[in-house]
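Participant: Sequence:
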Amino acid sequence: MGGVPSVPQDKSRQVQVIAVGYSRTGTTSISIALEHLLQGPVFHGGNHFFQREDAWMREWCRIISLDGRDPALFSAGLRRTLAGYAAVADAPAYMLLPELLALYPSAKVVLVTRDRARWYASMAPIINNLTVPMRALDVLLWPCPTWRWLPTYLRWATKREMTRIGEGFTPEMLDKHNDWVRQHAPPGRFLEMDLHEGWKPLADFLDVPVPDMPFPRANDAAEADAVARRVLLTAGLSWTAILAAASVAAWQAYYQLSKGNGSVLSSLWRGVRGGAQRGGFLLDPLFQYF
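1 is the number of the first residue of the sequence shown in the UniProt record's numbering; add one for each residue after it.
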């Protein structure tokens, strides 16, 4: 989750592998392994949703808004977004297994399993962070490019999961997910594995040589926690800048009015613009249009 998002150069390549292990089952490790075995980029949801550009995330949210309303356009949007990737992993790929198999009928499916008690302990901090009201998250992340779209994605993902495996975060949630995958995975093109098995089952499944190197061991939990801290810190600093600029604007408006310079609105606008420019306000580029 803390890695750099892979961006494909050859858009003609199609998805060969759909990795459907639930978040915190080693999705980063399996992504790194697949990149090596397939010699191509892997779409890892956690990396992309936190680190891609704002326009990309906005387009993704436009695509998911079509889910349930226009299946054809939704599928077309998925195909366009995933063009050039050799594999997909992490959310939302595992939620969209039937749709992805319809788009890529020859793709293979890999389910990474994990002890559910250890998975639950690892996943709990993420779920607890999501107890923040979405409207509060909307406000908190509004100044932050890319991240401002996360509440929209989370609303969609929550609705998807409630429909797919039911409501309630329990250790049994992982079992429900794994059973759902087994029901939808195509016979003969499905591998279920534990990361402790190393390269061999995955390499044999993909019919490629077993690498002469250690299997990737990324720490999903540490990476996710680091990303969460960075998001909160950036959002807090952004709002500090906004409030500081607003304070400067209010003071300048008061100063202009006390000198009798213009109307209330024009004085306030001069104050806002001056405060933004002097304070390094992150929305300063907008003022070029006024």
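It should be emphasised that the hints constitute simulated quantities derived from the structure, not laboratory data.
Hints are not guaranteed to be accurate.
[To be verified] Result set (DSBU-like, lysine-lysine): computed pairs, CA atoms no more than 30 Å apart in a straight line:
(1) 200 <-> 159
(2) 200 <-> 108
(3) 108 <-> 176
(4) 11 <-> 108
(5) 176 <-> 200
(6) 176 <-> 159
[Unchecked claim] Pair ranges (Cβ atoms, derived):
(7) 197 <-> 62: 35 to 43 Å
(8) 134 <-> 105: 32 to 40 Å
(9) 11 <-> 208: 18 to 26 Å
Heads up, the beta-carbon is just placed ideally off N, CA and C, and yes, glycines get one too.
Participant: Please go over all the hints and tell whether each is borne out by the structure.
Facilitator: Quick rundown of the hints versus the structure:
no.	hint	verdict
1	200 <-> 159	violated (37 Å)
2	200 <-> 108	holds (16 Å)
3	108 <-> 176	holds (21 Å)
4	11 <-> 108	holds (20 Å)
5	176 <-> 200	holds (27 Å)
6	176 <-> 159	holds (16 Å)
7	197 <-> 62: 35 to 43 Å	holds (40 Å)
8	134 <-> 105: 32 to 40 Å	holds (36 Å)
9	11 <-> 208: 18 to 26 Å	holds (23 Å)
Of the hints listed earlier, the one the structure fails to meet is number 1.
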